[in-house]
Structures are given as structure tokens and as C-alpha cells.
Amino acid sequence: MKTRCAWSAIMDSSICTKLRNGVSTGSAEETEALAAEFAQTLPADTTLALHGDLGAGKTTFVRGLARGLGVTGTITSPTFALYNLHRGKRSLLHLDAYRLENPREVDDLLLEDFLSSPWCLVIEWPEKIDSWVPADALHLDFGIAPDERHTIRLRQSSRTAT
326 MKTRCAWSAI MDSSICTKLR NGVSTGSAEE TEALAAEFAQ TLPADTTLAL
376 HGDLGAGKTT FVRGLARGLG VTGTITSPTF ALYNLHRGKR SLLHLDAYRL
426 ENPREVDDLL LEDFLSSPWC LVIEWPEKID SWVPADALHL DFGIAPDERH
476 TIRLRQSSRT AT
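Take our numbering: the last position of the sequence shown gets the number 487, and nothing is skipped along the way.
There may be inaccurate statements among the hints.
Unchecked claim - Label pairs and their computed distance ranges (CB to CB):
(1) 430 with 349: 27 to 37 Å
(2) 468 with 342: 11 to 21 Å
(3) 352 with 378: 13 to 23 Å
(4) 472 with 395: 17 to 27 Å
(5) 365 with 412: 30 to 40 Å
(6) 424 with 339: 14 to 24 Å
(7) 399 with 378: 40 to 50 Å
(8) 429 with 470: 31 to 41 Å
(9) 472 with 346: 10 to 20 Å
No lab work stands behind these hints, which were simulated from the structure alone. Every residue, glycine too, gets a C-beta built ideally from N, C-alpha and C.
Assemble the whole structure, with the sequences as input and the hints as a guide.
Printed below as a string of C-alpha cells:
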């Protein structure tokens, strides 16, 4: 799968600066608005890897991201389906790797057949298929603070794109 180096394309935007420093949201609506704004900065053909425990806000973030990408319709977690494809101004392929046992299983899904430019691939539970995730993917860490606010931080992959 060919991707472009998204990090260098977006790092100067104000929303990305906020996300690199870490953002705290107090509601689903606030998380979705943040994600919709972030979507506007993403270059075509970008992979996002979303890390975080159950209930940390990953799917809520994807709902906002979808809105920002011009996708309409209901966005739900693809845990049981493994992935959902949504069409809009840009195709959004939402993969939940939670139930996958190894990266080879991703190849069997033929995801690349659904990635016609411009696209955005979002992977929940990327650590389950780490060797399959592109080196230039943008990583977002999700958590829940002691005050119940959700935290989101953008980081670059520890691997180098080749």
C-alpha cells in the first residue's frame, strides 16, 4: 500500500500542534468536533493508527473524522465485521484489529482493493497487527484521565518510513 508522508504535510497546522501537545475532551461532541477539524488537515491516502483501551473514545473520534471527510451515515465500531467502508469526499476504511490474531490475517481481508485515492485508513488496535501498519502512519493515543475526561495525543511512528 503506497502512502504519502502525512506527518510532514500536517505538522504545522494548529490542530496538529494541539494534538501533539495532548488534548482533553469532556464530551463525545467535543471529541467529534476535534476529529472533524483534524480530518481537514489530512493529505490524501493517510493511515491513522488509534491506540487505547475499550471506551477511550476511538470510535467516537472516527465518527467526527468521517464527518470531516464528508462521509454521511452512521459510523459504528467494526469489531464484529472487522472493517467498514464509508464513501464521502474521501473513502474512509475503518478497521478494528481487536479480534485478529496476526498481521497475515489482514492480507486475507483484501483491504487494498477498497483503497481508491483519496482515502483514509483508520486502524483501531494497531498493536495487534503492528508489522502491517505503514511506517508513516499517524498514531493517536487515547486515554481516560482520573477526572473522566478523554485524552488524545498525536505522535509519529517510532518506525521510519522507507
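A quick look at each hint next to the structure:
About 35 Å separates the C-beta atoms of residue 430 and residue 349, a value consistent with the hinted range of 27 to 37 Å. The supplied range of 11 to 21 Å is met by residue 468 and residue 342, whose beta-carbon atoms lie about 19 Å from each other. Separation of residue 352 from residue 378 is about 19 Å and conforms to the stated range, judged on CB atoms against 13 to 23 Å. Range check, residue 472 to residue 395: about 34 Å between beta-carbon atoms, so the 17 to 27 Å window is missed.
Remark: the range hint 30 to 40 Å for residue 365 to residue 412 is contradicted by a beta-carbon distance near 18 Å. At about 37 Å, the CB distance of residue 424 to residue 339 disagrees with the hint of 14 to 24 Å. Roughly 23 Å separates the CB atoms of residue 399 and residue 378, a value that falls outside the hinted 40 to 50 Å. Between residue 429 and residue 470 the Cβ separation comes to about 36 Å, which falls inside the hinted range of 31 to 41 Å.
The hinted window of 10 to 20 Å between residue 472 and residue 346 holds, with their beta carbons roughly 18 Å apart.
Figure legend: structure checked against the earlier numbered hints; hints not met, in rising order: 4, 5, 6 and 7.
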